[in-house]
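Chains as they are written, first to last, in our numbering: chain W, 51 to 322; chain Y, 1119 to 1437; chain E, 201 to 745.
Derived by calculation from the structure, the hints in this document are not laboratory data. You may find that some hints are simply not true.
A few chain E positions that, by computed beta-carbon distances, are all more than 10 Å from chain Y [claimed, not checked]:
hint	residue
1	SER318
2	GLU621
3	GLY652
Covered by chain E, per the in silico footprint, the following chain W stretches (three or more residues, Cβ under 8 Å) [to be verified]:
hint	region
4	152 to 161
5	229 to 238
Glycine included, every Cβ here is placed at the ideal spot set by N, Cα and C.
For reference, the chains in residue letters:
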Amino acid sequence: MFALLKKSPISARIGFAIVLLNVLVAIFAPLVAPYGETSVVGNVWESFSDEFLLGTDHLGRDLMTRMIYGARNTIALAFVTTALSFILGVSLGFVAATKGGWTDQFFSRIIDIVMAFPTLIFALMILSVMGATIPVLIFTIAILDSTRVYRLSRAVAMDIEVLDFVEAARLRGEGLWWIMRHEILPNAMPPLVAEFGLRFCFVFLFIASLSFLGLGLQPPLADWGGMVRENAGAITFGIYVPLIPAAAIAFLTVGVNLIVDWFLHLSSGLHE
Amino acid sequence: MKNVLLLVGKRSLASLVTIFVISIIIFIGVELLPGDVAETVLGQSATPETVQAFRQELKLDLPPHVRYGAWLKDLSHGDFGTSLANGRPVAELIGWRFANTLFLAGMAALIAVPLAIVLGMLAAFYRNTFFDKCISIVTLSFISFPEFFIAYILIALFAVQLNIFPSMATINESMGLGAKIYAVLLPALTLTCVVTAHMMRQTRAAIINVLSKAYIEMAEVKGVRRLRIIMLHAFPNSLSPVINVIALNLAYLVVGVVVVEVVFVYPGLGQLLVDSVAKRDIPVVQASGLIFASAYIFLNLMADVLSMLVNPRLRQSQQ
Amino acid sequence: MQGDNILKIENLFIEGYYEEQWNTIVDNVSLNLKRGEVLGLIGESGAGKSTIGLAAMGYARQGCRLASGSIKLEGQELMGADDETLRALRGAKIAYVAQSAAASFNPFHKIIRQYAESPVQHGIMGYEEAEREAIEIYRRLFLPDPEKIGFRYPHELSGGQLQRAMVAMAMACEPEIIVFDEPTTALDVTTQIEVLAAVKEITRKMNKAALYITHDLAVVAQVAHRIMVLKGGKLVEEGEARSLIKNPREKYTRDLLSVRTLREEKSLTEDMDTILRVKGVEASYTGKERVLEDINLTVKRGRTVAVVGESGSGKSTLAKVITGILPPLKGTISFFGNDLSADLASRDRDALRRLQMIYQMPDTALNPRQTVRTTIGRPLEFYFGIRGQEAEERIRGLLTKIKLDPDSYIDRMTTDLSGGEKQRICIARALAAEPDLIICDEVTSALDQLVGEGILTLLQDLQNEMNISYLFITHDLATVKAIADKIIIMLEGRIVEQGEKKQILAPPYHEYTDKLLASVPEMDTEWLDKLLAERASSYLETVPN
Chain W
51 MFALLKKSPI
61 SARIGFAIVL
71 LNVLVAIFAP
81 LVAPYGETSV
91 VGNVWESFSD
101 EFLLGTDHLG
111 RDLMTRMIYG
121 ARNTIALAFV
131 TTALSFILGV
141 SLGFVAATKG
151 GWTDQFFSRI
161 IDIVMAFPTL
171 IFALMILSVM
181 GATIPVLIFT
191 IAILDSTRVY
201 RLSRAVAMDI
211 EVLDFVEAAR
221 LRGEGLWWIM
231 RHEILPNAMP
241 PLVAEFGLRF
251 CFVFLFIASL
261 SFLGLGLQPP
271 LADWGGMVRE
281 NAGAITFGIY
291 VPLIPAAAIA
301 FLTVGVNLIV
311 DWFLHLSSGL
321 HE
Chain Y
1119 MKNVLLLVGK
1129 RSLASLVTIF
1139 VISIIIFIGV
1149 ELLPGDVAET
1159 VLGQSATPET
1169 VQAFRQELKL
1179 DLPPHVRYGA
1189 WLKDLSHGDF
1199 GTSLANGRPV
1209 AELIGWRFAN
1219 TLFLAGMAAL
1229 IAVPLAIVLG
1239 MLAAFYRNTF
1249 FDKCISIVTL
1259 SFISFPEFFI
1269 AYILIALFAV
1279 QLNIFPSMAT
1289 INESMGLGAK
1299 IYAVLLPALT
1309 LTCVVTAHMM
1319 RQTRAAIINV
1329 LSKAYIEMAE
1339 VKGVRRLRII
1349 MLHAFPNSLS
1359 PVINVIALNL
1369 AYLVVGVVVV
1379 EVVFVYPGLG
1389 QLLVDSVAKR
1399 DIPVVQASGL
1409 IFASAYIFLN
1419 LMADVLSMLV
1429 NPRLRQSQQ
Chain E
201 MQGDNILKIE
211 NLFIEGYYEE
221 QWNTIVDNVS
231 LNLKRGEVLG
241 LIGESGAGKS
251 TIGLAAMGYA
261 RQGCRLASGS
271 IKLEGQELMG
281 ADDETLRALR
291 GAKIAYVAQS
301 AAASFNPFHK
311 IIRQYAESPV
321 QHGIMGYEEA
331 EREAIEIYRR
341 LFLPDPEKIG
351 FRYPHELSGG
361 QLQRAMVAMA
371 MACEPEIIVF
381 DEPTTALDVT
391 TQIEVLAAVK
401 EITRKMNKAA
411 LYITHDLAVV
421 AQVAHRIMVL
431 KGGKLVEEGE
441 ARSLIKNPRE
451 KYTRDLLSVR
461 TLREEKSLTE
471 DMDTILRVKG
481 VEASYTGKER
491 VLEDINLTVK
501 RGRTVAVVGE
511 SGSGKSTLAK
521 VITGILPPLK
531 GTISFFGNDL
541 SADLASRDRD
551 ALRRLQMIYQ
561 MPDTALNPRQ
571 TVRTTIGRPL
581 EFYFGIRGQE
591 AEERIRGLLT
601 KIKLDPDSYI
611 DRMTTDLSGG
621 EKQRICIARA
631 LAAEPDLIIC
641 DEVTSALDQL
651 VGEGILTLLQ
661 DLQNEMNISY
671 LFITHDLATV
681 KAIADKIIIM
691 LEGRIVEQGE
701 KKQILAPPYH
711 EYTDKLLASV
721 PEMDTEWLDK
731 LLAERASSYL
741 ETVPN
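Extracted from the complex, chain W is given alone in its bound form (with noise of 0.2 Å):
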């Protein structure tokens, strides 16, 4: 890993260190936030100055503070969506491949019928009536978001699934979960980590622009999609504060991204 990481091209070096600086953020965040989550420490809107970094918010709490608490709640929040819809995708789409028949066409038809609905109106739907709790938004998410995982985990596995070294553990005698785990899993480990780092960013971009809507995380929780939403009304007096926390979303995003990319090429060319 780490000598792959030093043959890796300046892109994803930086995409590396956007990510992990992020993710130190997230984690430590009550260690080095200045000021507490939810504290009113100055005027409204302030400018940057020593005291506030990034200047304070709509209601004169600092905005560094919220950023850095929007990092853990937004960025734990995506990623616990991503992995709930990664596993619920990939054994579906993992059994549907290799039992096909009935099982395959009786998942596979459900899932056409949620894909045919556009996932920000059906998310929007659901919350109208369940109400946009945090409970709600992460299951909400990741059962929409697990449609895309189980049609990628299906199609990667079908075309594993075909091949003859696949027959051969089928022709020894082997179990339908000891040739998802040894023979198709580790084949299909590529595709699937590219897909969890795009994923991740549709489900982040997608719980931000929930937020950014009003029905994302609740105030006072800080969170970044949130923070823009409260803070729009400056841009009209020049004042840039939502566009921090826009641009952190957008950064961590490119971060993401620019890893994938790295890794979508390192596997093709492994292929050749």
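Since the structure of chain W is already known, use the hints to place chains Y and E on it.
For chains Y and E alone, kept in the frame of chain W given last:
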């Protein structure tokens, strides 16, 4: 040709069934409301009269399948029910907002589609050059940006700094076409950035895939001119994937419009949907959700049908 | 009939970009081609023969470059010539026929339009004239229904027809030279004859010069005046076709030429153990169309049964039915006297163990994420519960058996092996189960000739040592001659003939067997001419005046 019609027919039928199933899901969604729907939605300040009105509006006294049937029947007459928030008919609320949304999405598509195809083709032909790499980095960034980030950058630049466009896209029915276009230019530009990036990357990939085919090499060793190879050999074969890419991104556009409408306080369907979700105005949410879903499904259907039509294998089958 | 040099390549070096650097793939090759002469370029994969063929047109594939040397076409230097000059020559003076016609025709346009493109673009003739000429040349190349066939789309023609349509397309501008790049490799033997006849028509009757690229010496012997043998991008030897085949100077050429040693006859008697008996089997993928009908066969202990047929004959489906992947609609399969259940899931582990399989493509038959140790160790663990030190010793023993050095191979990833080595690992994996019968599905057809022969020799040695039976599925009659005790010939899902080798391969022949045998090119430069003459005369006899 008969074959294609059959396939198109089958595909359209599948879309109809999907819309039907989705209408059921939307309907059941309301059923799943925990506790007493009326009180949950209306809150504690609800008077007995408003609760009663709400129950009547949603016909909560009848059994579910009867209600579903009645709802569907009303829908087919263009009756979407009455808004809980302000008591106006939903159809009236939705009507011109939907037109506004289509206008905005259409503007964005008009700029994005030709731009994406030209850029995609150029990037494919000059692949791995400096030009290609620049384009690749720019599009990768645009894909990574949330829509509202692009929107606020554009506002900061064009509305606040340069002061040439309004930061809010307010339009009304009395405005002329020119004024309307001027008003929606910034939101349309925002959407264009996002959609072009996706579309261009996929177009590039589709064309590179075709250019690596053996028949392109054959045309080259036959001494056919490069431009002719591109126009007559590469282009028709990449048509099907590219059409698919365009239609899918238009479908995305219809949905992506929601966030942009909120940023620019644009009176479109997306804005209405978000407001209604916040107010839990269920009939409006149901109706606008169904419209968005139908538009999305329709564009996906177009993608499939068009790529079937340009595929010679299907068009020219023997039977 | 042969005159001056029309193509002259001198000291050609070509480089390819892989593993992050430029590597020489054609190493100092020179050749001369005279007007009306056919030069055969022969070699195994990686010999650089296709690259040279394309270089003759001043063309290098993506990721390759013409590094140095000289390529002169009618005295004109192509090395470093500008794109427009090269474009004007390609198709007009020198044309190309690719290996896969199915991939080389644009699926979007009709065949005849693609024929006309080159002459119209080069300003040689108008579209209508090109169409008339196309029909004429389709007729000369024996395409069925020449007036109409051009107005179809590529996917509506068969493989052999498309290949001939591509030969026709190469002739569109009446070029001086045609480069044939393995034009018959993807075809069945009986279809190959049609294309070879078309090639012969062009080179002999129309007196065109040609570079004929192939890996099959017997094929090139039919069409070439001179032959160049290439290996690893270098010239091995060059000579007049007849004399090179009769008296090869280099050992490599002799190896390529050597007729496979026929194995000693083993007796097949009624009282021998029958280990596999297939009775009245019918099978179908869809439930309607039968891909196998009325299949009856037996395999005896320690003997090899070869199942021969062209593509679509159902021979691979037969393997699927026996292994239980495709349960038959009717009929029984018994193994050591016990009926095997039709589907895989309900067969017992011991039956599975005793019946092993080796595949055509060693690349996909091995899990690319496993080491040699895991690959061979798994059946040991699965069937016998052998693990740890004992497994290690067994694996090393098996590697020695397949003639790979245990120390240097046991820890390798399967992706780090060559095609031949991979196939050997597949054999070891099958042997680890200590099977009684191994089904070999086209095990040599994805390998180079010499490597494939190594595998056949190994399989024979293993049989002699361990008394294993083989069911050998193949399209290649040369392989059959080399290894079979018993031959089964299949056509369109049925067995047309079966019996002991000496009986099948001696007259009187069954009609289809005769056609198959006659279609296999022989190492005799006269073979194709004789065959075509024979067919023509028998055709004349049957047509009343």
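Hints, verified against the model:
Under the 10 Å C-beta cut-off, the non-interface status given to SER318 (chain E) relative to chain Y is violated; the minimum distance is some 5 Å. Against chain Y, the non-interface label of GLU621 (chain E) holds: every CB pair exceeds 10 Å, the least being about 30 Å. Residue placement check: GLY652 (chain E) keeps its beta carbon more than 10 Å from all beta carbons of chain Y (closest about 26 Å). Figure legend: the region 152 to 161 of chain W, annotated as covered by chain E; annotation inconsistent (0 residues with Cβ-Cβ distances under 8 Å, at least 3 required).
Interface restraint, the region 229 to 238 of chain W with chain E: holds (4 residues with C-beta to C-beta distance below 8 Å; minimum three).
Violated hints, in rising order: 1, 4; the structure is consistent with all others.
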